[in-house]
Amino acid sequence: MPTLVSHPEEVKVISRRFGQGAAEIDRYVELDGYKAVQQAIAQGPEWIINTMKASGLRGRGGAGFPTGMKWSFVPKQSEKPKYVLVNGDESEPGTCKDHVIFLHDPHAVIEGTMIAGLAIGSKVGFIYLRGEYRYLLKIVEKAVADAYAKGYLGKNIFGHEGVDFDIVTQTGAGAYEVGEESALMESLEGKRGIPRIKPPFPAVVGLYGGPTVINNAETIAAAPHILLMGGEAYAKLGSERNGGTRLFGISGHVERPGIYELPMGYSLRKAIYEVAGGIKGGKTLKAVVPGGSSCPVLTADEIDVGLDFDQMGKAGTMLGSGGIVVLDETVSIVEFALRTIKFYQHESCGWCVPCREGTDWIKKTLQRVYDGGGSRKDVDNVQYLAENMMGRTFCPLGDAAAMPTIAFVKKFRKEFEDYIEGRRAGTPLITEQELIGAH
Amino acid sequence: MPDVNFIVDGKQLTAPAGTLLIDACKASGIEIPAFCYYPGLSLQAACRMCVVRIEKLPKLQTACTTPVAEGMVIQTETPEIAQARKATLQLLLGNHPLDCPVCDAGGQCELQDMTFKYGAAESFYAEPKNHREEQKWSPVVYFDRPRCILCYRCIRMCGEGMDVFALGIQNRGASSIIAPNIPASESPDALAHVDCEQCGMCIDACPVGALTSGTYRYKTRPWEMNHVATVCTHCGDGCKTTLGVRATTDGTEIMRGDNRDKSGINGDFLCNKGRYAFDFANSEDRLTKPLVRQPDGVLKPVSWEVALDHVGKKLRELRDTRGGRSIGVIGGNRLTNEEAYLLQKFARTVLGTNNIDHHRTADYVTFARALAGKGARAASQRDNQTAPAILLIGGDPSNQNPLTAWNLRTDVRINRARLYVANSGEIKLRRQAKAFVQLAPFGYDAFASYLAGDDAAATGALEGGDATKLTSFRDALRAEQSLVILIGSELRGRALETLIEFGLTLPNTKFALLSDYVNSRGAADMGLLPDMLPGYVPVSAPGTFSEYNAPSAGADLKAPGFDLLETFDAAARGELSALFVVGANPVARYGVDPASLKNTFVVVQEMFLTETAALADVILPASNLYEKSGSVTNSYGDLQQVNKAGDRAGVRSDFEMIVRIADKMGAHIPSLIPFGKGLRADMGQTRGAQSGEADRHAVWLTANNLEPRVSPFDPSAILDEIQRLVPGYDLLRLQLISGNDQHLSPPADLVQIQTAAPRRDLVLPANDTLFTSGTLGRYSPMLNDLQAFESRRSEQLNQTAAD
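Residue numbers (this note's numbering), protein chains in the order written: chain A, 2 to 440; chain B, -1 to 801.
Rather than coming from a laboratory, the hints here were simulated on the basis of the structure.
For clarity, every value in this text was computed on a predicted model and none was experimentally measured.
The beta carbon of each residue, even a glycine, is placed where N, CA and C say it ideally should be.
Among the hints, a few may not be true.
Said to hold, decoys possible - Partner residues aside, some chain B positions facing chain A, computed with beta carbon under 7 Å:
no., residue
1, Ala44
2, Cys45
3, Arg46
4, Lys57
5, Thr86
6, Leu89
7, Gly92
8, Gly171
To be verified - Coverage of chain B stretches by chain A, computed from C-beta distances (three or more under 8 Å per stretch; other residues unrestricted):
no., region
9, 118 to 126
10, 156 to 170
Construct the complete structure from the given sequences, taking the supplied hints into account.
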């Protein structure tokens, strides 16, 4: 288990209860737990949605869609049951924020799920955990059971006649692809984790054909805090059109890696050099992958940018899932690009041609380059393949593989060419075997 | 849905709202390429070939999943789109083996066509291609993974189309692979197999050569064959099938059966028999020389001249000495209409006998009589594709009439038709049924009575069970405004009449009676019956024979002849001087005692040395339906043309043999076959000849090269007479020649026979399965292989269960 870190620059909202034993329901209640949901029952759905809209909260999974708006899209009347679905399939390399929420504050997710359910008129919520987070399942299941035991879940919750809410937990089976919302629903229904054709969107036809709100675990966990502090107050914490705070997982070659809660729009440079303590061992920064492995890499002189969806977009990359991977001068970009595409090649579901075949050929080509058999033409081919995957695939996984690849070969083309010609930068990364052995 | 207007490549188009862009474009002649899109199956958006540019949308969109909307502006062929398609093709070809020179699909491959169009010929991958060994999933289905482009058509065809679900995807990403439902790990021979209906629809749907057919693979190239569209000889559904034939030293060999001609009555569909079971025609066991039994009892090959001479002389002698009524004639269910018609005319006017019958697989006599004069009440096979509601009583189309089953499934799936099934068995189609009642084993008669209003019959219809289920079933039927009633051969005589009477009380009901072979219906329509002339006209009706100009049509022919069973009874009594069997095997089918024929002169026209042929005095080697032209009528009364595809040295068509025998008997051939030019040209009317005007129709036919080579051996010479004399058959000749199916209407009126005793039930359903087809099926190596494969599989399953 990673140890918790802290820094004075942090603004603790979601992480407020981390490290305080809030996984125990009594402690959670002591720390203002389950107050927001009772307020939500009293005030009604319209108030919830308005508060969420005012908060400026945008989806923390990476796409950044305004949460309040998403909830308002669910039709009020529906023949089929409506559902709330919590996406805890946190799989983007470099990202481990939902993990700490489930570990330290599982009731916040449960309470947030109930709030979303009250907002859209649903009586059932599903918490879908990444398959590899099996050890968190016990914690979440215990939290759910405790909430039932207290009468917070089930029939007539908190003694309110006719207000029912149930929560079901489920784990995945180890596929990155099911982090995509419609693939997650397929998986939850017991099918192959392949995305669905959209439209219809989940808000109209979702899980088991019913209207469904699906949110990232961090988004859901933010909801109780927002209701308690008020939408506007939460919005003010962040930057323009990017309300509140979010968890950033800063990893790689920094002095103090860890999960930090920073206001939206916080400077990336400060996050690396102040919050995370700067580059490890006084080495030089080479590049930053700012929001999980699918985000285009930033070079050392591109980090003067605010960490919110809009500023990062302007900088030609993405805020993504908040997983900041810091790379120092010792890293070979050729190797890093190969490691990245290996992941996407392995995780491609295989449904559509560009992603299935494109990731495979990029991987094969980069592997050959890495092994020493490359030519300059290979760099062109990798770029051609990635550019022809971009925007042409069935779901965003193809883009997630293409975007970083394009950035690597464009921004570090010289390094690729030098590598091919025998001038190799950096020292080899830890191997996968070593990584597995280290566990 | 209201129409919407949109612009494609600058052309203003209109289509109903909700139409998929790919379909709307196709309807307007704009072809958008696609591998995974297949009309009627669920959408995939997986191949990314159909991408188009839609104004105001940031990314290229897939035309197969985009419904057209008002004001949409679409580009389908820009440099950007061409590049996207080219890149996709390059990726597909990256792992494709490019073994086109030996691939079955070479020349007929959608991947080749697309590559040709978008020019993705160069490859820039240095790594070896992914390879997997080829798999034999069954005697008829082989899978070559490297060629597969993962369009998932086969999976959907099998699951959604066939309701079999034998195929799926294993693994993910670049390792994804189409996998059959019996994995190697669960198979005793450690090889993956399919447990399925072996229909081969997956092969047909495959855009490349990944799925290949056991009968065809690596045998020839598509361009080395002639492709002849004809009608399958097996069940009574009458599917159009395209036979690929290639010349050999002794005629031609049929190499392949498939469904390239999707314009046929069967649309996308062909079952395993239509696809593979043409191979009886290539059988080593074919008879190719006439055989005449010598005084020592041995069958000896002789020349055609000798054989026909012998038959002609002998039949003439027996007719003249012992009378026509001592001669029996049995026809087949796989003869063309022309042959069946000629056979009964030959029997009645040349042999002078009404002792003529065939193996009846459904009670078409009662069916025709019950619907006569009731207007357009006969359902076409095509009605099954669109009917809002269908009642299926009896029968098991999934096994016996696979196209009917396909149409019903498709109608339920796509049009949400309501299917009602009543059967004594738990037939597979109950899975698509809105309501299913399981009747008692012999409960059909009682059920028909129950439907017609006799509540007391409920106990007889059900075996125990809950009668309220019957009530709701009947109530639901009564509420239907437009119902097609499909009737299995279990319902005959009085029960069939009762059921039709019930149906006629509902508005707009149509009926069809299912039968077992390609021309079972035609055999009955053409009068292979002892008491009926063509068109179900009783032999006793006045004036019936005048059209035939039959010199010997005396008073003898006003009385019904022997039916099939009576014929053999007469033989056993020693009263049958001769038996003429054309394309039938009654000895095996009815368990006839061979000794009963010892004093009968038996002539058999046959392809094989069947149980019946083995008893013959003369065997004349016959061609089969794939080796001749003519017309056939399916169970539904859809008339279609069959075209000569194959050929075999030494054999003759049944039509030609009958004419030659008649000639040898000294019959007046122009009376038997009206083969004069004028007769044909003006459709049997002598208008042109009488008026002295030029026959414009004849001039037009000649100008359009439609004038046949007029010969008494040309079956079309007798089609005029059929069209003139048989009610319902007066359909457009041009439509027929063009290969279109046409639906017969029931006769406006029929002379109804009054008989004291109810008519005898002579229907004997063949109960063929997907892997049998009467006597003929026994000579199909592929059907035998499939039976063996299936029985091995079920043995293994039993063993596993026992373990």
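inquiry  = The hint names Thr86(B) as touching chain A; please verify it with the least Cβ-Cβ distance against 7 Å.
reply    = holds (5 Å)
key: Interface hint compliance - Gly92(B) to chain A, C-beta minimum distance less than 7 Å   = At 6 Å from the nearest chain A Cβ, Gly92(B) passes the 7 Å test, so the hint holds.
query = the region 156 to 170 of chain B covered by chain A? Criterion: 3 or more residues, Cβ-Cβ distance below 8 Å.
reply = Since three or more residues must qualify, the claim that chain A covers the region 156 to 170 of chain B holds, with 3 doing so at under 8 Å.
request  = Under 7 Å, Cβ to Cβ, is where Cys45(B) needs to be relative to chain A, so tell me if that hint holds or is violated.
outcome  = holds (6 Å)
Per-residue hint verdict: Leu89(B), partner chain A, C-beta under 7 Å = This hint holds: Leu89(B) lies near chain A, its Cβ roughly 4 Å from the closest one there, short of 7 Å.
Given hint Lys57(B) near chain A, where the shortest CB pair must fall under 7 Å = holds (5 Å)
ask   = Hint check: is the beta carbon of Gly171(B) less than 7 Å from a beta carbon of chain A?
value = holds (4 Å)
message = Quick check on Ala44(B) please, does its C-beta sit within 7 Å of some C-beta on chain A?
response = holds (5 Å)
key: Arg46(B) as an interface hint toward chain A, with CB separation required under 7 Å   = Holds, about 5 Å.
query = Within the assertion that chain A covers the region 118 to 126 of chain B, do at least three residues meet a Cβ-to-Cβ distance smaller than 8 Å?
reply = holds (count 4)
The structure meets every hint from the earlier list without exception.
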